[in-house]
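**Q** Put chain B on the given structure of chain A with help from the hints.
Here is how the chains run, residue by residue.
There are 2 protein chains.
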Amino acid sequence: MEVYVDGVGMVPFGKHPQTSLASLMAQAARTALEASKGPDVEALFVGAMNSEEFTGEGNLAAALADELELAGVPSTRVETASSTGAAVLEAAFYAVASGAYSSVLVVAGEKMTHLPTPRVTRILAEVIEPYERNAGASMVALAAMVTQAYAHKWGLSHRRLERVLCRVAVKNHRNGALNPYAQFRKEITDEQYYNSRIISYPLRLYDCAPITDGAAALVLTREKGDVKITGVGHGTDTLAVRHRIHLHSFAACRKAAERAYSMARRGPKDIDFAEIHDAFTCFEIIGAEDLGLLEEGKGWRAVEKGKTDLEGEIPINASGGLKARGHPVGASGLAQAVEIVWQLRGEVDPARQVKGARIGLLHSIGGMANNNLVVILEREDAPAHAIKWEPSHSRPVEIERHHRPDPSRVSREGVLDSYTILYVPPEGFPSPLVLGMITTYSGHRILARAATPTTFKVGERVAIEKGDGTFYFMRYGWAQRVVFRLSRKARGWKLALRRKLRV
Amino acid sequence: MEVYVDGVGMVPFGKHPQTSLASLMAQAARTALEASKGPDVEALFVGAMNSEEFTGEGNLAAALADELELAGVPSTRVETASSTGAAVLEAAFYAVASGAYSSVLVVAGEKMTHLPTPRVTRILAEVIEPYERNAGASMVALAAMVTQAYAHKWGLSHRRLERVLCRVAVKNHRNGALNPYAQFRKEITDEQYYNSRIISYPLRLYDCAPITDGAAALVLTREKGDVKITGVGHGTDTLAVRHRIHLHSFAACRKAAERAYSMARRGPKDIDFAEIHDAFTCFEIIGAEDLGLLEEGKGWRAVEKGKTDLEGEIPINASGGLKARGHPVGASGLAQAVEIVWQLRGEVDPARQVKGARIGLLHSIGGMANNNLVVILEREDAPAHAIKWEPSHSRPVEIERHHRPDPSRVSREGVLDSYTILYVPPEGFPSPLVLGMITTYSGHRILARAATPTTFKVGERVAIEKGDGTFYFMRYGWAQRVVFRLSRKARGWKLALRRKLRV
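As you go down the protein sequences, you meet chains A and B in turn. The first sequence begins at 989 in this note's numbering and counts up one residue at a time. The second sequence begins at 989 in this note's numbering and counts up one residue at a time.
One or more hints might be untrue.
If you anchor each label on the Cβ, the simulated ranges turn out as follows [said to hold, decoys possible]:
| no. | chain 1 | residue 1 | chain 2 | residue 2 | range |
| --- | --- | --- | --- | --- | --- |
| 1 | A | Lys-1174 | B | Gly-1457 | 39 to 45 Å |
| 2 | A | Glu-1022 | B | Glu-1283 | 41 to 47 Å |
| 3 | B | Arg-1476 | A | Gln-1006 | 37 to 43 Å |
| 4 | A | Ser-1399 | B | Asn-1122 | 56 to 62 Å |
| 5 | B | Ala-1439 | A | Ser-1419 | 51 to 57 Å |
| 6 | B | Gly-1457 | A | Gln-1006 | 45 to 51 Å |
| 7 | A | Pro-1027 | B | Glu-1022 | 40 to 46 Å |
| 8 | B | Lys-1025 | A | His-1146 | 53 to 59 Å |
Distance condition first, Cα-Cα at most 25 Å in a straight line; then the derived SDA-like pairs of lysine to any residue [stated by the list, open to error]:
| no. | chain 1 | residue 1 | chain 2 | residue 2 |
| --- | --- | --- | --- | --- |
| 9 | B | Lys-1003 | A | Lys-1212 |
| 10 | A | Lys-1003 | B | Pro-1118 |
| 11 | A | Lys-1212 | B | Pro-1118 |
| 12 | A | Lys-1216 | B | Lys-1003 |
| 13 | A | Lys-1174 | B | Lys-1003 |
| 14 | B | Lys-1216 | A | Met-989 |
| 15 | A | Lys-1174 | A | Ser-1184 |
Chain A stretches covered by chain B per the calculated footprint, using a threshold of three residues with CB under 8 Å from any CB of chain B [unchecked claim]:
| no. | segment |
| --- | --- |
| 16 | 1038–1046 |
| 17 | 1062–1071 |
| 18 | 1086–1096 |
Everything labelled a hint here was simulated from the structure, so no lab data went into it. Ideal Cβ placement from N, Cα and C applies to all residues, glycine included.
This is chain A alone, in the form it adopts within the complex:
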């Protein structure tokens, strides 16, 4: 059964201090309902990541039905961390596709700006695996390590990496400046980017999506319309980033993309434009590679060449992305869908209109890329022939994982897979806090803290020490060499002595 999009709506993203989350969401919903031509909606699907802690609003599904004077209608809330907006669209899609409803309203929103930043960071950090969170890893720290791993994997120098990330930030701000719904409607210059402070090396303030209030809504219907949803994919990954074999790309996104493409019987070459979850600039490049829109390992080069610009071969984040439109966590996925519908219908400002937009794709990341979705939307008149998707990357999409290590068996040497210097650490941690991902010689992957806040090189050999529940790592210098040799010898002597005593 085909599922079409009817009316859509969005509130301008930014600060909305005077309204409750429910009434902000109702505002977007009313716009969508007013724009709808189909029959009355029969059910509500509501997305919010953590309204309980952000605004103290529980029972949001019922609250929103009431706020819209739709009390009576079934209303269900869906949550998958920061991909909530896409997940609620997926759940509503199934409900309509199952034949249970002929028309449903999907609304997603979040209100965050009224809280102080450390509180927001703490709430967002609840989605991080507890061990990593307790070791001091915040979302930006983990994203920075992913960024470093990407640069190391594909041989980007720090200079080159910076230039690429800057390009993404500048492009998205340029697009956002044209979007009346964007939180930041101003362009930024390269200088502004380079002058912005480093949050978690190598990520700067301008690499991170802001804290935002916002809501988006759309009506799904079985009645034939001009835009339909043809593919929905969803994939998860290990909660802990350190349990993943590959740090430089997201297996869950690849899984989601595979499913969405196969449901839509489309391939990356069919996609005219995409909205990608650029919560951190590097995620846009990794996302485009995971989706097969850019060649694996060459995404950064494509960005440098302007392939993802508004006039490029495959425009990415014509809306300004999470970076410039803003990132009300639970709403972003649905806001991407609304943007795609606008683009497909030619309803955006001509300056921002993607030329020949007939098939769009949205990519949404939940948590630290462990609950991701991909949705493909098409105009009814999109070319009907299916192009089979040949994955551009040879590695099959499989979730591989490191075994959880038994701390006593972790060897004392390893290779630094990635690291970051976090300048805004969580409460109770010193600043700067240096965190590293290390593959030990015993074959374990651990998240460790640097014993002293110095810089490292990804790929270098490090020494590991255990202390108060955390691992510490340090450069493997001559001192370590001596200490290790001696300790190994000492162990040998001890064993020999024991053996002697027993005899």
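**A** Chain B only, in chain A's frame:
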């Protein structure tokens, strides 16, 4: 497309201090997976009401996939307050019915016992409409007012009401004593009931479901099996209880029942047994009436006659219900489904087995009855002929609501629709706190606080006064009569004077 239940699982409800919510849920899930005969599950649907605040676990959908070593598989969390367990079943049902998946795992759980009771009460109170919450209304206070309204509507004396509620509590404890998964596996006597302290008049401790840790799981599949889901219904109501015309029954339940019966092409007479959301004893009676299982206004009489006992005409809560099995808020709805599957398969202890169980129904309440679900499960060999449902109540299921009052226009006299004496009020309120629902002579319904903590009679005339953002009410005695007459006269004089001065 038909949707069948494959394996089911549950953890014994009670206290599980040593496990995280995710691993408690994984335990139930593994039992369900091991019992499943069908293909591997392709997706996960996860229900928890507020894991963020109860245990600090965010990103639960991804966490559970990881915990089950199923990372990769799509995982979605669903929430509708205390009916979450039923709502996640509904969402999974649509996903399978849509053809997107052929087999999915549904898991619901909650962990609450590690927190002090006032903290749990505060978290649960987030689902109450803000004005009512700020006026001091907790879940039990609102439930007590619903109970009083029920008794008043059907002419039950306080004595009679107490006896009926006692019957429900004693019956559910008797059933729970036979259920190895129940939190309370002990019978209670009438004396114990009457000796338990009053929490919110007329509700005693034994009228309220306990605070519980628990999890339940089941696998839904398209492959033909022995038990199928034939009807799913869902309905909402105004968030505020005072906005509802009728306080003695739940329109959202009626709406949900109507949908579920019509989808299943069944009527109340087809139902062999039911699991009803008895978060408060009176809800079991109201629920059975809303479902058409007991005649409207005569449910209490049927309870007195033992019609809902294990051996009765329509056994209700053979599991012990929320009252005795326990009420881990997000899990209860799915636990009801698991109990029904066990009963249909004849897998419970013979002492607890419902005779001739072929069609079962679950009824789950979200928040203060504003997001409710009804699900009908049948054995494959249940009699196939459909009985059309003739609603036993004449009132059509419509969500009617009072208009929100403009406080300045609320008249100073009204009728007390219901009231309660709350002995365990929220922080910052005096104990006892007397709250009343009043229909004013200006046609508004307000929630007010008694000026002095005295007893009232439901239906009596009361005087209303406004003070510091709340309404206060008091018995309408001769003093009020004099004051009101004088104030009305004074207003008349003022108006006359003004008119004179203008002329």
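**Q** For each hint, tell me whether it holds in the structure or not.
**A** Going through the hints against the structure:
Look at A/Lys-1174 against B/Gly-1457: about 42 Å separates their beta carbons, and that is inside 39 to 45 Å. Range check, A/Glu-1022 to B/Glu-1283: Cβ separation about 44 Å, and the 41 to 47 Å hint holds. For the pair B/Arg-1476 and A/Gln-1006, the supplied restraint of 37 to 43 Å holds, since their beta-carbon distance comes to about 38 Å. Checked against the given bound of 56 to 62 Å, the beta carbons of A/Ser-1399 and B/Asn-1122, roughly 58 Å apart, stay inside it.
For the pair B/Ala-1439 and A/Ser-1419, the beta carbons lie near 55 Å from each other, so the given range of 51 to 57 Å is met. The hinted window of 45 to 51 Å between B/Gly-1457 and A/Gln-1006 is violated, with their beta carbons roughly 19 Å apart. Evaluation of the 40 to 46 Å hint for A/Pro-1027 and B/Glu-1022 yields a pass: the beta carbon distance comes to about 45 Å. A C-beta distance of roughly 56 Å is found between B/Lys-1025 and A/His-1146, which places it inside the suggested range of 53 to 59 Å.
Distance restraint check for B/Lys-1003 and A/Lys-1212: the Cα-Cα separation of roughly 52 Å exceeds the 25 Å cut-off, and the hinted pair is therefore not satisfied. Restraint check for A/Lys-1003 and B/Pro-1118: the C-alpha separation of about 22 Å stays at or below 25 Å, so the hint holds. Restraint check: the Cα-Cα separation between A/Lys-1212 and B/Pro-1118 comes to about 41 Å, which exceeds 25 Å; the hinted pair is violated. The straight-line distance between the Cα atoms of A/Lys-1216 and B/Lys-1003 is roughly 48 Å, outside the 25 Å bound, and the hint therefore fails.
With a C-alpha separation of about 54 Å, the suggested pairing of A/Lys-1174 with B/Lys-1003 is violated against the 25 Å cut-off. For the hint linking B/Lys-1216 to A/Met-989, the alpha-carbon distance of about 23 Å falls within 25 Å, and the restraint holds. Annotation: proposed proximity of A/Lys-1174 to A/Ser-1184 holds, straight-line Cα distance about 15 Å (limit 25 Å). Counting residues of the segment 1038–1046 of chain A whose CB lies closer than 8 Å to any CB of chain B gives 6, so the stated coverage by that chain holds, three being the minimum.
Proximity of the segment 1062–1071 of chain A to chain B, defined as three or more residues with a beta carbon under 8 Å from a beta carbon of that chain, is established by the 8 residues found. For a cut-off of 8 Å, the count of residues in the segment 1086–1096 of chain A with a CB near a CB of chain B stands at 3, and the three-residue condition holds.
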